[in-house]
Amino acid sequence: MTSSARALVVLAVALALAPLALPPFFLQLLTEIAIVGLFATAFNLLMGFGGMVSFGHAAYFALGAYAAALLVKRAGIPMLLALPAAPLVAAVGALLFGVFIVRLTHTYFAMLSLAFAQIVFTIIFKWKSLTGGDDGLLDVWPPAALKSPAAYYYFTLATVALSLVALHAVSESPFGYALKSVRENPRRARFIGINVRRLQLCAFVISGAFSGLAGGLFAFYNGSIFPDFAYFTKSFEPLVVALLGGAQSFFGPVAGAFAFKILEWLISRQWPVYWPLFLGTIVVLVIVALPQGFVGLAGGRTWWTRVTGKT
Amino acid sequence: MVDPSDRQDLVLQTIGLRKHFGGVLAVNGVNLSVPPGDLRAIIGPNGAGKTTLFNLLTGDLARDSGRIYFAGAEVSGLSPDRLCRQGMGRTFQITSIFRRLTALENVQTAFLSHHRRHYDILTPARRLYRDDAFALLERVGLHEQARKPSGNLPHGDQRRLELAIALAGCPRLLLLDEPTAGMAPRERHEIMALVARIAGDTGLTVVFTEHDMDVVFAVARGITVLHQGAVLTEGSPDAVRGNPDVQRVYLGQPAGR
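Sequence lines, in order, name chains V and Y.
Under the working numbering, the first residue of the first sequence is numbered 1, with each subsequent residue one higher.
Under the working numbering, the first residue of the second sequence is numbered 1, with each subsequent residue one higher.
Calculated from the structure, these hints are not laboratory results.
Just to be clear, a hint being listed does not mean it is correct.
[Unchecked claim] Once the Cα atoms are required to be at most 25 Å apart in a straight line, the calculated SDA-like pairs of lysine to any residue come out as: (1) Y/Lys-148 to V/Ser-4; (2) Y/Lys-148 to V/Lys-261; (3) V/Lys-73 to V/Pro-149; (4) V/Lys-261 to V/Leu-11; (5) V/Lys-261 to V/Ala-158; (6) Y/Lys-148 to V/Glu-172; (7) V/Lys-261 to V/Lys-73; (8) Y/Lys-148 to V/Ser-3; (9) Y/Lys-148 to V/Ala-16; (10) Y/Lys-148 to V/Thr-2; (11) Y/Lys-148 to V/Pro-149.
[Stated by the list, open to error] Residues from chain Y shown here face chain V by an in silico Cβ test under 7 Å; the list is partial: (12) Phe-21; (13) Ser-113; (14) Arg-117; (15) Thr-123; (16) Pro-124.
Here the structure is a predicted model, which is why all the values come from computation and not from measurement.
Virtual Cβ for every residue (Gly too), placed ideally from N, Cα, C.
Here chain Y stands alone, though its shape is the one from the complex (with noise of 0.2 Å):
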């Protein structure tokens, strides 16, 4: 076993990691280690664990055993607002935002908080940062629908609203569960290059899952498989792609067709 000690220059760690539901082994001892800058992706088949795996990172569900670290502290059971102020930003699945707030109030609203200035009850809120979330919502692509109520938006528009929201808190990882789900394919590509390129010019550490294998080898440096809830593999781009046992689980043909 790994001892954490040794390993603070990781971003994100966890050992052993385990959550069942019922008679389900949804993750089955995970061993992740995310290096600081990595832009990783988690892969796998439908029910491999993916989403178990963000929400136990997250804080959402409650593990059976293991432990997580993020940036060399240990967080295991700390709950998701603790962990969102230590650093750790996150998209959901399901776009999750502010319907009736407009797109610039909904990253307002995440810059206050990430100010602690959430339980202000005297100052008006309305000018504070509120040039910090156009240059946010500007640099996403969503500064000419920043008056807009953000439920009224396109949904790609909201996926990419809620990256900002996740950005707002300034963060050092971000989790971004499919991220371009329900998308059309060049606008995954689209955003998930906007992804790539904010963490190079930042210095963030990303993990997202995703289904379009184009865009995994598109932007990924690093592929962790999960396959019936434990990890199969690890590595680069091109090691995960010649892997047989990756080809035979889960891509059921030579990936990067």
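Looking at chain V on its own, in the form it has when it is part of the complex (with noise of 0.2 Å):
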């Protein structure tokens, strides 16, 4: 623990003095980190400590893109006033969804997750009045003392690290406890006094809450917000970030965030067209030689011993 605590100190120090090293490029592709990682770090308190696997957060992450901007452009609300409703309504919608989707198991739980997010994405890509339909809603900025690549840097990295020692919290508390319990064995769960749909759905709303602020924080670096946001595609975004970083550890998904970037920003710049390929030849690798994703690699010599068959 405490040389993965030093390494945490290191990383945040190195992160608190890059804006005095990097060009804006790099904050900005920082900042798209932060916030991937603090989406796919609220999905994985679902896949890796829950074990429920959702091919629907792409419904909270545009809720909460959504809610955030909408108060700020057809209400006139203050962008910091919007954003925390970006949780709220996100978890609003985990909640009526959840109560739903925690009804079932495995399969059926992310079909169904995928289900209820589609009907999120068609309501925002019809709703022109309000959503404005497949033109989005642009000009979506935040104040000005916000506007510029490190200060807004800065207050996604704040508001992530903030978010991530919660997240560490619910991980590391009784309820954490009780949510892996129900992960490793249901029926034995139950038979200790665990009201095992009721204690999934309060994850659910957790994950939906959190992926909401990751959607209120990308809305307003990214100025404008389209219903894609809600498109499944986006709820691969996590499941594969986690895969990569090491779904079982609590940083790995952080980790993902920062390898899934960083190889979309190398590659794209080289082959624009071929990233979902390299993509998809990167996850297959990593799942047949590094099932704990790059996390393992800290851990040890896991896919050396795992090729080889050698300890």
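Hey, can you piece these two chains together into the complex? The hints should help.
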């Protein structure tokens, strides 16, 4: 724990000093990494800790993005007051949909979560008068003080860091223990007195809320929002990021976000159309050789022992 | 028919409990009365309905008809988590633990749930009930394995762990579905002696199913014999051993070789 704590401190200092050394482009990349990292960590509270694989988390990301952006654009509420609405609206959405989704398990859970996300997508797409439909909402910017890449980077970094601290506390709390017990063995969990569905629903709402916060942060980073925030391809982003980094570890999805965004940048700079091909290949390689994700590398020579069979 | 209000003293009572699967009557009108402090074995040939009866008692299966009373109150139709909260503990025929958690975390989680802390999202759980969990693991002889992932423990140790998980809920009634399944004969006697000792120390009532007649006659205070989903006879080990019906349908030879 001490060595990983030290690594966290070094990372925090490096990220805090980044604006002194890096040009705006890289600050924007880091901002995106932080947002994707939060989204994937929130998603992984369900997958890694709760054993529930959602194929529809884009719904909560989009609900957060649209809630915050609509309050600014249509109601003229300042961004800093509108942003807290992102996790709240996403949490309400997660509660409404989650009631039905947690009644199912495995593939059915995944498919129903996907179905609800497609409903959210369709509503956003069709409700042109409110959401702008296919044209999205443009000019969704933060106030002048946060508009520079460095300022918004710091704002995002602080928000994401606090959120990760909160999610980490949840994962280490009695609730986190109970959630892991449900992942491991729902039947046994019931017979230590746990109401499994209710506990899963709570996890779903917490996960949805932080996904919504990630969506809200992204709306003001991007300056515009579109219905495809809720599209199913967006739902696979946190899944891929968590798998890349390591779903068994709390910090896996954050590590995955770094890997995902940096690889995306490097590869699409060279070969813009081939990024999905590379991504697919990388995901297959990681699943075969590194089932614990990139964080498995830090824990020892997992890939080596797996490929060679030697310890 | 027994009037349940007269039998407030019973820990567990069933009246006319019935369950069928398709055309098979797995449990066919079972009347069971278990007084406090009993160490009751439920025996019967394969297919007699032991496990189905267990799953009806624990709420894992819905009954077709009949009533179940636990500690004087009707609990028919309650879900497993509600029954557990009322003081019913159980182990499963196929070992049921949290395999990727350590033995300690398994028992800690059971304590956390028992003390209704499982919706607490603020307190770090690592130290909560750790001493209690260690003490309980020591009691079942697992304190040296506490930090190991429970899925890697030997089979017998996993069964002990499941017993510890069930005990962490401070049950009034412990239902053990073949607690010695898959164990070596010596280990079987050890674990049942452990159960008997814990039951004696705490006044816990235990109902268990078991195939090994040596084990049954060594520890049971009362025996219920199931045959084709119904109670064939019920009584002390000596009475059951001497019952000619039991010898005919079940033992096939005089018991207690």
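Hint-by-hint comparison with the structure:
A hinted pair counts as satisfied when its Cα atoms are at most 25 Å apart, and Y/Lys-148 with V/Ser-4 qualifies at roughly 21 Å. Between Y/Lys-148 and V/Lys-261, the direct Cα distance comes to roughly 37 Å. Violation of the 25 Å bound is thereby established for this hinted pair. This hinted pair checks out: V/Lys-73 and V/Pro-149 have alpha carbons roughly 21 Å apart, not beyond 25 Å. At most 25 Å may separate the alpha-carbon atoms for a hinted pair to count; V/Lys-261 and V/Leu-11 meet this at roughly 17 Å.
For the suggested pair V/Lys-261 and V/Ala-158, the alpha carbons sit about 19 Å apart, so the restraint of at most 25 Å is met. At most 25 Å may separate the alpha-carbon atoms for a hinted pair to count; Y/Lys-148 and V/Glu-172 meet this at roughly 18 Å. Straight-line distance between C-alpha atoms of V/Lys-261 and V/Lys-73 comes to about 29 Å, which puts the hinted pair past the 25 Å bound. At roughly 22 Å between alpha-carbon atoms, Y/Lys-148 and V/Ser-3 fall within 25 Å of each other, so this suggested pair holds.
For a cut-off of 25 Å, the pair hint linking Y/Lys-148 to V/Ala-16 is broken: about 38 Å separates their Cα positions. Proximity of Y/Lys-148 to V/Thr-2 is assessed by CA-CA distance (about 21 Å); at most 25 Å being required, the pair is judged to hold. Our distance criterion of 25 Å between C-alpha atoms is broken by Y/Lys-148 and V/Pro-149, whose separation comes to about 47 Å. Given hint, Y/Phe-21 at the interface with chain V, is violated; its Cβ is 19 Å from that chain's nearest Cβ, farther than 7 Å.
Proximity of Y/Ser-113 to chain V holds as hinted, the smallest CB-CB distance being about 5 Å (cut-off 7 Å). Below 7 Å, beta-carbon pairs count as interface contacts, and Y/Arg-117 has one with chain V at about 4 Å; its hint therefore holds. Among the interface hints, the one on Y/Thr-123 holds; its C-beta lies about 6 Å from the nearest C-beta in chain V, closer than the 7 Å criterion. With 7 Å as the threshold, the beta carbon of Y/Pro-124 comes within range of chain V, its nearest partner Cβ sitting at about 5 Å, so the hint holds.
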